[in-house]
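Student: So the sequences go chain by chain: A and B.
In terms of my numbering, the first sequence opens at residue 1 and continues consecutively.
In terms of my numbering, the second sequence opens at residue 1 and continues consecutively.
In short, the hints are calculated from the structure, not lab data.
Where a beta carbon is used, it is the ideal one built from N, C-alpha and C, also for glycine.
Accuracy of the hints is not assured; some may be wrong.
[Claimed, not checked] Footprint (simulated), chain B over chain A, 3 or more residues, beta carbon under 8 Å: (1) 11-17; (2) 45-51.
[Claimed, not checked] Listed below are the simulated SDA-like cross-link pairs for lysine to any residue, each with C-alpha atoms no more than 25 Å apart in a straight line: (3) B:Lys229 <-> A:Val269; (4) B:Lys229 <-> B:Gly23; (5) B:Lys51 <-> B:Met192; (6) B:Lys178 <-> A:Gln25.
For reference, the chains in residue letters:
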Amino acid sequence: MNFDLTEDHVMMRKMVRDFAEAEVQPGAEERDEHEEFPAELWKKCGQLGLAGITFPEEYGGVGADYLSYGITIEELSRVDASLGVTVSAHSSLCANPIYLFGTEEQKKKYLIPLATGEKLGALGLTESMAGSDSKGTRTTAVREGDEYVINGSKLFITNGYYADTYVITAQMDKSKGTRGIAAFIIEKGMPGFTFGKKEKKMGIRSSSTYELVFENLRIPAENLLGQEGQGFKIAMVTLDYGRIGIASQALGIAQGAYEQALKYSKERVQFDKTLAEMEVIQFKLADMATEIEAARLLVYQACHMATNKRPVSKYAAMAKVYASEVANRVTTQAVQIFGGYGYTREYPVERMMRDAKITEIYEGTSEIQRIVIAANILKEV
Amino acid sequence: MNIAVCLKQTFDTEAKISLNSSGKIDDANVTRCINPYDEYAVEAGLKLKEKFGGEVTIVSVGGEKTPESMRTALAMGADKGILIKDPVLEQADEWVVAEVLAKAISQIPYDIILSGRIAVDDQSAQVAIRVAEALGLPSVSTVLALEVEENKAVATREIDGGTEVIEVPLPAVFTAQKGLNEPRYPNMMGIMKAKNKELKVLSLNDLGFAEAPARKSGEAVYSLPGARKAGIKIQGEPADSVRELVRLLSEEAKVI
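Next up, chain B with everything else stripped away, as it sits in the complex (with noise of 0.2 Å):
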């Protein structure tokens, strides 16, 4: 069973987020890492290999640094890795990213696709079913439970007030929810033998794109939200402060 992982690097979730003089994200010295929900998708995938047999590939849109997540998920135990750097794609929108693994992916054998269900970054939860929509797949997302056999797979997932469960052949595109497994460290060993994996870095150009796939959507704007403002303390007789507060509440902050 080959399994694919859409894989995306993020900002740590405790990076401290700022915006250079041209209005865009500084990621200059951020710590990164695997968004949270791929690295479910990765562990699922690695349990799938287990079971099955198969290899896991990684598949990545991203930059300079997004090797280093890419060895990571191979340090757990993924067997190969590509990645697509285009400076082109510094621009890409979720559209554009779901064009590019997609075609990435159509060129390698694959039963299971995996990737997490948003990232915590930009949070726009689209990616990985765009990707199922551009290869024809079914896709089940925000998994939590994913039972494979041969060439079907029950997953089930979270709706609102329960869970759904879904039977749907292979191949197919799932997407993973916090609860679906407990990632694994990657292992000493793991590590070690990680720099010797092979990690494909492609163009557009090589993964045979006549033109590079233009955005859809607008620009993004960035702005940081405004600083908070100071609480107000109410002093006094605790008869006098909690009419005070009432009056508060229910005139100026219009909450009762």
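So that you can see chain A by itself, here it is in the shape it has in the complex (with noise of 0.2 Å):
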């Protein structure tokens, strides 16, 4: 067993936090209150090749493994949570189920230019009566000749509107349920796909949130990924490893506010003391950091469970929901800390706050992460 990283890693850690830190962290705030979705770094981070690190270099990737992507969205995330999903969503929802389940046609059409940066990638799964619960789906697929006609609408989408590409699910036999599912491949400005609302939220502002809205949508055939009534597979699969970069998110979180408490800490003087030399802050401290540590060492795990293709569900579900929590304490203490200054948009803790909460809520909430936890070790005995 070895906790060191890898030289590699640890040059990859350090590129990405360069960059993080001389051209995302200056323009995050200002991005946060106008909810300007970050158009140019994401073209940026296609450059630095952070677009397609898991896929192989014959699909336009870097062949790199998975714990080179957990500390890439990690490292964004520590500055602005928003990048750090746009990149995780664009990865892990969109290119992984084409390069998962696509044809090899599929792969040279969609993943190449995903995988680049090229294209901005989504993934349209939830729906107003699908949440947590696939069985909802609404939007229908109706097989005519050589295409398929799609009805419906997907809500909360990340990357809509700015993504070119989408990976969605459609209900295709109401009376088979989730088996009646399948996903389709879809591209922007095709006649019949349209954007709903944007919205507005609480936190990861700057990440782009809309409708997706599809009237009599006619796609070829061979957009279907996958087999007809395999969508709700493809979308449990897709979100297990997409629990990987959701859990790294969230521990890019937590490791920012950390950081930031921990530097105010030091500086912040009341009763004549700074805070750090008091007791009171010092356990805060240790507790946040004690727990930033047990959760890098499980996403890190469920990075190394994803890279050797082991079975990743229970790894990653354990991960996200562990790391979510943590970011969501770590960057509360963070904001105690600060005070009243915390509270106000002077600082980023305030912003990393809300930032968190949507980790507990996302690709699975930490109910469904607990029931698929459930559902894996019991399975075992």
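Fit chain to chain and form the complex, with the hints in mind.
Tutor: Next up, the structure:
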């Protein structure tokens, strides 16, 4: 067992951190305030190879492992969780299902431009009546000759509007429940595919979240991803891997807030002492640091499982539920250490606390993670 | 066009410096990086390679940890590295390092030799210029702009109160000043490829030194700056305190 990062991982962390601190951090507050999508930064992420880290070189990727991916999302989220989820949703939720379930032609046509960062991807799964429960999927797909006709809408879609390529799910046979669902690849600009309302969110405000609307959207039959009826399975496997990205995002948010609090506690003087000299603050910092390290080990372990093609479901769910709850506790304590200043937008911990909340909700709520973990451990005995 | 870049690994500029029991700088737990000025040199080399083709070779004198920084340069896009590592070199001064680098560079094809104008650790700003002398080449230091043609280069260098433009025939040595360029980040693909690039580690013997060049300067002695004294707080009525401030500035600090 080796807890040291390889030379490659150390170099990757340094590269992403240098980029994040020099180019992402300076505008993060502004982008949050104005809900401004980080389009330029996304382009730069592509140039740095951050759009297709885990995919083979032949499909435009870097061919690196999941730990490289986890570290990247962690480091981006340490300064800006919105950019972190933009990259994570793109890679994990759109490029990855195409990589795992796509045909050779689909990979050539869609995965390559996604992995190089030339195009941005998104996943359309959630609906108003289908959140945690995919059985409620009301978007329909009907096969007509060489085409599928899709009608319905998708809600809360990360990277919506800005993404070029979307993987979506639709119900083909209601009587079969989740086994009637199919997945499709669609493109921005296809007639019948438009965008509904933009969500105004509590956190990750510069990440784009839109409703997708399908009105007689006709797509060629070859855009079916996997088999008819396989859509639910595709979505679940996609989310298993996706949770590694969100766990990494949560870890990065926690790390960023902790560092801010640590720095501030050494500077802020009250009662003739720095906060860091007070035991009550020291205990907070000690707990924050300990929980972050524990979360990091879980996240990196989930990355290890994914890299080695071992079952990831349980480990990704554990990493996600733990890291997201740590992110919420740590950011809340960070605001507490900053006191009144922490509640203002003068310091980034206010944004970080708002950003942390979503990590307990999307790509499976904490409650769903516990269901996944329980189902896995009960199956093992 | 073949380019050699002399690169030094230095302490991270935010590293805390401490001395060990034998009075040497303790380098055990220090984060290291490419000397920032050498990073400009690497970037300049990569730009020339993109324009003219050829290879960029990173040449360093260093120790156990130096390959980390050389790999970063390879990840940025340099083609190969030569590290000269020898226990004798732990005592090297600028003259020794320059002799060793010159010998290593003389054994590879080169048209241009680049380096930073100064290393941020010992700040001697000597090595690259000494390399030029050892190889009998012209050198231009503190370069802000570099235009290269077939077999000559026009370099703009910083001087007191302005700039100076110098044309030199190639091969030549140039040292980079901040402002020459904006070094690129190594990208993910570059990082993955770096570990498969050639990084030769040579001893002085391998380079063909019959005996190690001996340092010409005396032993360096290090000491840490003393603790800063606490400031003086002048209290009282404004008129009195200003009078006291003026008195202290003129009599104690002797600045007015």
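Student: None of the hints should be skipped; say for each whether it holds.
Tutor: These are the hints, each one checked on the structure:
Residue count for the segment 11-17 of chain A with a Cβ under 8 Å from a Cβ of chain B: 4. That meets the three needed, and the coverage hint holds. Check on the segment 45-51 of chain A: 4 of its residues sit with their Cβ under 8 Å from a Cβ of chain B, so the three-residue criterion for coverage holds. Our distance criterion of 25 Å between C-alpha atoms is met by Lys229 (chain B) and Val269 (chain A), whose separation comes to about 20 Å. Under the criterion of a C-alpha separation no larger than 25 Å, the hint pairing Lys229 (chain B) with Gly23 (chain B) is consistent with the structure, at around 24 Å.
Proximity of Lys51 (chain B) to Met192 (chain B) is assessed by CA-CA distance (about 24 Å); at most 25 Å being required, the pair is judged to hold. This hinted pair checks out: Lys178 (chain B) and Gln25 (chain A) have alpha carbons roughly 23 Å apart, not beyond 25 Å.
Every hint from the earlier list agrees with this structure, and none is contradicted.
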